[in-house]
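Each chain, written out:
Number of protein chains: 2
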Amino acid sequence: MSKGYVLREYRNLEEVLLDKDLAGLGDAYVNFLYSLVVSQRSGHPKSAKVNNRILAEAVRKAGLRKLLPRRIDRHALGNAAEALIVFAWLDDTVTFEDSLGILGEKDNGVEAFTALLREILERLDKRDEQG
Amino acid sequence: MSKGYVLREYRNLEEVLLDKDLAGLGDAYVNFLYSLVVSQRSGHPKSAKVNNRILAEAVRKAGLRKLLPRRIDRHALGNAAEALIVFAWLDDTVTFEDSLGILGEKDNGVEAFTALLREILERLDKRDEQG
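Chains as they are written, first to last, in this note's numbering: chain G, 1 to 131; chain V, 1 to 131.
If you're looking for bench data, these hints aren't it; they were derived computationally from the structure.
Any given hint could turn out to be false.
Intra- or inter-copy, both count: the list cannot distinguish identical chains.
PhoX-like cross-link-like pairs, simulated, lysine-lysine; straight-line CA separation at most 20 angstroms [stated by the list, open to error]:
hint, residue 1, residue 2
1, Lys49, Lys20
2, Lys106, Lys3
3, Lys20, Lys46
4, Lys46, Lys3
5, Lys106, Lys61
Construct the complete structure from the given sequences, taking the supplied hints into account.
Here it is as structure tokens:
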């Protein structure tokens with residue numbers, strides 16, 4: 001079964017960012033992904049929770065803020081990042097290994113997630129141009 | 001970077017089962033894996049936490065209880081399952097896709113995780129025989 005099968009049809013990026021169900025799955029995905037980044041950095045297994053402040057800041061830095069409703073709290077900004085990150089994986093836009101590599105390049109959490117979100121946006125743009 | 005790099009050398013299975021750091025990473029892995037199983041079953045993204053009662057029961061049913069100290073609580077039994085499941089993935093004994101398939105075959109959580117633990121044990125046995 002293809003993993004993309006769990007995705008519904010989205011008319012635009014905003015719908016992806018605001019899908020709470022997707023953010024729920026994304027939360028589990030991002031925590032696992034980031035735990036593995038931290039594990040690889042330290043050389044032994046570790047678990048790490050990514051907090052909403054980091055994800056919210058990365059959403060702003062990646063230029064996604066303008067796609068979201070004006071009145072939105074930090075939690076919803078964090079959800080938007082989680083939704084987009086797992087969307088890109090489910091959709092085969094960015095592999096797990098690629099995401100791991102991109103996050104692993106930066107020591108700073110905000111910078112790491114900003115880089116990942118930017119890479120996802122670039123690839124989605126390219127795909128739309130080709131398609 | 002190989003993902004197995006985060007594993008230390010274990011002398012035996014008991015050491016794997018009792019590694020709390022590994023269980024921490026395993027918790028994130030198992031929650032993500034199971035969230036995806038539940039998402040695929042329902043046809044839309046969902047997050048699902050696997051509770052310790054289910055994992056503890058699966059540890060017993062898979063015959064792992066005898067490898068663990070006599071006095072051990074349910075939480076530590078759950079940890080043992082999480083540690084072994086992520087060990088098998090890090091070690092390339094069972095792929096993510098295989099794990100997803102095995103868990104997806106059973107509706108019942110205890111049966112699903114029992115099947116996964118048994119499969120891991122069988123493959124580890126085979127590998128040891130070959131090696």
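Exercise for review: Tell me, please, which holds for Lys49 and Lys20 at an alpha-carbon limit of 20 angstroms: within, between, both or neither?
Suggested key: This pair counts as both: shortest intra-copy Cα distance 19 angstroms, inter-copy 16 angstroms.
Review point. Should Lys20 paired with Lys46 be assigned to within, between, both, or neither, using CA atoms and 20 angstroms as the limit?
Key: The answer is between: 9 angstroms across copies meets 20 angstroms, while 27 angstroms in one copy does not.
- Query: How do Lys106 and Lys3 come out at 20 angstroms by Cα distance, when the copy is not named: within, between, both, or neither?
  - Reply: Cα proximity of Lys106 and Lys3: across copies only (18 angstroms, versus 28 angstroms in one copy).
(Q) With identical chains, the pair Lys106 and Lys61 could be close in the same copy or across copies; at 20 angstroms between alpha carbons, which is it: within, between, both, or neither? (A) within (15 angstroms within a copy, 43 angstroms between copies)
Requested in this report: Measure nothing new, just compare the shortest in-copy and cross-copy C-alpha distances for Lys46 and Lys3 to 20 angstroms and report within, between, both or neither.
Outcome: between (26 angstroms within a copy, 13 angstroms between copies)
Of the numbered hints stated above, none is contradicted by the structure.
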